[in-house]
Amino acid sequence: MTKLLCNFRSEVLELGTSMTVLLPDVPVPVDGYPTLFLLHGLSDDDSMWTRMTSLERYVRERDLAVVMPQVHRSYYTDEAHGGDYWTYLTEEVLGTARRLFRLSDHRADTFVAGLSMGGYGAFKWALRHPELFAAAASMSGAMGVAQRTAPESTGPLESRLWDKIFDHRSVVETEDDLMWLIRQAPSQAVAPPDLFVCCGAQDPLYEENVLFCKTAQEAGVDVTSIFDEGAHEWSYWDHHLQTLLDWLPEPHV
3 MTKLLCNFRS
13 EVLELGTSMT
23 VLLPDVPVPV
33 DGYPTLFLLH
43 GLSDDDSMWT
53 RMTSLERYVR
63 ERDLAVVMPQ
73 VHRSYYTDEA
83 HGGDYWTYLT
93 EEVLGTARRL
103 FRLSDHRADT
113 FVAGLSMGGY
123 GAFKWALRHP
133 ELFAAAASMS
143 GAMGVAQRTA
153 PESTGPLESR
163 LWDKIFDHRS
173 VVETEDDLMW
183 LIRQAPSQAV
193 APPDLFVCCG
203 AQDPLYEENV
213 LFCKTAQEAG
223 VDVTSIFDEG
233 AHEWSYWDHH
243 LQTLLDWLPE
253 PHV
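Letter by letter, the sequence shown follows residues 3 to 255 in this note's numbering.
Hint data in this document are derived by calculation from the structure and do not stem from the laboratory. Glycine is no exception: its CB is placed at the ideal position from the N, C-alpha and C atoms. Among these hints, one or two may not hold up.
[Unchecked claim] Here are the computed distance ranges between Cβ atoms for each label pair: (1) H74 with P206: 18 to 26 Å; (2) H74 with H131: 19 to 27 Å; (3) Q219 with R162: 33 to 41 Å; (4) P188 with E58: 31 to 39 Å; (5) A203 with Q149: 19 to 27 Å.
Work out the full structure: start from the sequences and follow the hints.
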């Protein structure tokens with residue numbers, strides 16, 4: 003694998019930012035490399051996947067490019083009092099990475115995944131733009147973000163974060179609500195991508211992951227789920243990263 007640390011100016015964010023990219027050491031296919039967009043968690047940055055897991059070793063034999071953008075603590079959202087990180091991710095990161103690294107733009111070759119905050123971002127992107135992705139995966143995802151923006155659910159620390167992102171606005175039953183998005187998925191023009199969820203029983207986000215899968219089942223949307231022993235920590239994510247990569251469908255190239 004070739005590992006690239008990319009520093010560039012974002013026109014959307016109006017600041018210098020970064021992404022970490024892994025590229026296969028094989029000739030570029032005619033239609034470009036199959037690609038996994040891999041999203042980081044709340045306290046992380048674009049370097050953490052390669053620092054804290056064996057990601058590079060796991061993808062070496064898969065001929066899969068991996069793009070890991072930096073989004074700070076934005077929850078992959080156009081912030082009320084900050085940067086337009088949703089627009090940055092879904093337009094600028096997508097377009098810039100495909101242009102610079104000769105990535106495939108076929109749905110069958112494009113996947114998205116993340117952990118914690120990144121699991122929320124991955125599913126939000128996949129459910130709002132199902133035409134882009136063949137598969138989406140969440141590990142220990144923050145599936146109940148919208149429910150935590152309700153006034154009665156907000157503690158002092160989250161209150162400051164939600165004020166910056168959502169301006170104290172409840173986003174229940176909006177496009178920032180994964181529970182609402184999964185209920186709407188069957189009525190969309192494009193079927194949702196394949197979905198994968200894993201979360202450990204000792205994880206504080208366990209119950210909302212179970213609820214998301216139950217909501218999906220009630221809506222008639224299939225989700226591959228693993229609920230086992232584990233906490234909100236890198237040893238759990240490193241272990242299940244291998245499972246996630248094995249689960250991804252074969253790209254068309």
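Numbers of unmet hints, in rising order
Violated: none.
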